[in-house]
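**Q** Once you have looked at the hints, place chain B on chain A.
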Amino acid sequence: MNYILIFLSAAVINNFILSYFLGICPFLGVSTDLKKASGMGFAVIFVMALSAVATWTIYHKILVPYDLQYLEYVAFILVIAFLVQLVEMFLKKFVPPLYRGLGIYLPLITTNCAILGFTLFMVIRDYDFFESIAFALGGGSGFLLALLIMAGIRERLDSADIPAPFRGAGITLVTAGCLALIFMGFSGIMK
Amino acid sequence: MFVNSGNEILAAPVFLSVVGGISSLFLAIADILFAVRKNPRAEIIEKILPGLNCGACGFASCASYAEAMASKATPPGLCRAVTGQGLEVLREIFGGLEKEGRRIAIIKCSGGSIEKFKYDGIPSCSAAELVSGGMKACSYGCLGFGDCAAVCPVGAIGISEANSIVWVDSVKCTGCGLCVAACPRNIIELKPVSHAYYVACASEDKSEVRNYCKNGCFSCGICTGKKFNPYGIIEMKNNIPVVLWDRVKDIESVKAAGEKCPVKVWKKIKTPEQ
Chain A
15 MNYILIFLSA
25 AVINNFILSY
35 FLGICPFLGV
45 STDLKKASGM
55 GFAVIFVMAL
65 SAVATWTIYH
75 KILVPYDLQY
85 LEYVAFILVI
95 AFLVQLVEMF
105 LKKFVPPLYR
115 GLGIYLPLIT
125 TNCAILGFTL
135 FMVIRDYDFF
145 ESIAFALGGG
155 SGFLLALLIM
165 AGIRERLDSA
175 DIPAPFRGAG
185 ITLVTAGCLA
195 LIFMGFSGIM
205 K
Chain B
1416 MFVNSGNEIL
1426 AAPVFLSVVG
1436 GISSLFLAIA
1446 DILFAVRKNP
1456 RAEIIEKILP
1466 GLNCGACGFA
1476 SCASYAEAMA
1486 SKATPPGLCR
1496 AVTGQGLEVL
1506 REIFGGLEKE
1516 GRRIAIIKCS
1526 GGSIEKFKYD
1536 GIPSCSAAEL
1546 VSGGMKACSY
1556 GCLGFGDCAA
1566 VCPVGAIGIS
1576 EANSIVWVDS
1586 VKCTGCGLCV
1596 AACPRNIIEL
1606 KPVSHAYYVA
1616 CASEDKSEVR
1626 NYCKNGCFSC
1636 GICTGKKFNP
1646 YGIIEMKNNI
1656 PVVLWDRVKD
1666 IESVKAAGEK
1676 CPVKVWKKIK
1686 TPEQ
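The listed protein sequences derive, respectively, from chains A and B.
So the first sequence is residues 15 to 205, counted in our numbering.
So the second sequence is residues 1416 to 1689, counted in our numbering.
It should be emphasised that the hints constitute simulated quantities derived from the structure, not laboratory data.
Be careful, since some hints might not be right.
Said to hold, decoys possible - Listing some non-contacts, in silico: residues in chain B with all C-beta distances to chain A over 10 Å:
no., residue
1, 1424
2, 1427
3, 1446
4, 1489
5, 1527
6, 1542
7, 1623
8, 1684
What the hints assert, rightly or not - Straight-line C-alpha distance at most 30 Å; calculated DSSO-like pairs for lysine-lysine:
no., chain 1, residue 1, chain 2, residue 2
9, B, 1606, A, 50
10, A, 50, A, 106
11, A, 107, B, 1462
12, B, 1683, B, 1670
13, A, 106, B, 1670
14, B, 1453, A, 50
15, A, 49, B, 1670
16, A, 49, B, 1606
17, A, 50, B, 1587
18, A, 49, B, 1683
19, A, 50, B, 1462
Here a beta-carbon is modelled for each residue, glycine too, at the ideal position from N, C-alpha and C.
Okay, chain A solo, but in the shape it has when bound:
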């Protein structure tokens, strides 16, 4: 039950993009069409789950015993970057279709702030190993959800009659703001 709560909370209520405003860059950059958005979203889920396993282990098995918690930022970035590189090579060799599917998004999100933010939340909230994985899957799914909604709206916006001054970045930011407001409606349902 606890895992489901953590998953739902990360996916909807405390959505990384729309509640914490983390990972805004890909949110605006890659949400131009649904295909790209879903590619990016799945890559984020994948990398989050992977980094949950790695960073939880690093933090609790190395940093805490040696009193090095203040190095968590650097250590996490280093380890995530390393792992993503490794997995990318592995996929390229053994699962080429998946490698092509994730494409450039895999290395692109290595240093994404949503990923780093997620690992730091994981530490602050003191999740255990499996809770961290549930949190990662939830956070990634929430990211995918937000990207898909945004991409769907933007595809509609393409054929809408938008006043000239709002076209492009303007209407995109207004839309993002409205979406964030809508997601604020979920807040307080659970922690």
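**A** Below, chain B without anything else, positioned relative to chain A:
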């Protein structure tokens, strides 16, 4: 542990060097272990390609186009930046498989449909399409607002004043295919320029076409009939004649059949190559 021994300044560099060292060691091993042997032909081709990654060939990067070309899935000539000697080398590598030449977009509509109603909305094909299937009586043809022209990166598509449909400048067109995706009617197709004749109509209606369009193909069957099509190179598919190009030995036979068309819906791609 480090803190207590008074070595906290050393702890950070030591820890990071160890983690970084181990990581890079793993990566170095993985690089050898998981090395993907690139097609040597692809590497040669990649050197000839301009490396601009413009995407006009329809691939994400020059490297992926080089790979597709090396595996003989795609012909050279899609890249317009390669000319002269480079193109000759590419053709040689590709080994004479390239008979089709570069591809350009064609519009499968000749215009001429009457209007069902006056459309006064947003000037965009996809918007007009939403209003009871567009204002033209033909539910297959070009709506003429130029959604395709708007996405064309090289400005190769224009809108004809005379019959309010779009036309493609076959010299400028790079065959990138952006317009194919933009058209809500799906009447734009990429064709190799060597397949020079095509039917500029997409209507799957038979003789009903005559009720609303003076230029449309009404599936009379003259071009597909035995008389002008003795080798069976033209076939009627969904009430539109389709040329089976892999059976075509002499392009003149396609031309001859097309010239018999009573509504002149057979069109020729005009390019400097020919």
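**Q** None of the hints should be skipped; say for each whether it holds.
**A** Hints, verified against the model:
1. 1424: holds, 12 Å
2. 1427: The claim is violated: residue 1427 of chain B sits with its nearest Cβ about 6 Å from chain A, within 10 Å.
3. 1446: Given that some Cβ of chain A is not farther than 10 Å from that of residue 1446 of chain B, nearest at about 7 Å, it is violated.
4. 1489: holds, 16 Å
5. 1527: holds, 26 Å
6. 1542: violated, 5 Å
7. 1623: holds, 30 Å
8. 1684: holds, 30 Å
9. B:1606 to A:50: holds, 27 Å
10. A:50 to A:106: holds, 20 Å
11. A:107 to B:1462: The hint holds at about 23 Å.
12. B:1683 to B:1670: Holds: residue 1683 of chain B and residue 1670 of chain B sit about 9 Å apart, inside 30 Å.
13. A:106 to B:1670: violated, 48 Å
14. B:1453 to A:50: holds, 26 Å
15. A:49 to B:1670: violated, 41 Å
16. A:49 to B:1606: With Cα atoms ~25 Å apart, residue 49 of chain A and residue 1606 of chain B stay inside 30 Å; holds.
17. A:50 to B:1587: holds, 28 Å
18. A:49 to B:1683: Violated, because 35 Å separates the two Cα atoms, which is more than 30 Å.
19. A:50 to B:1462: holds, 29 Å
In the structure shown, a violation is registered for the earlier hints numbered 2, 3, 6, 13, 15, 18, in ascending order.
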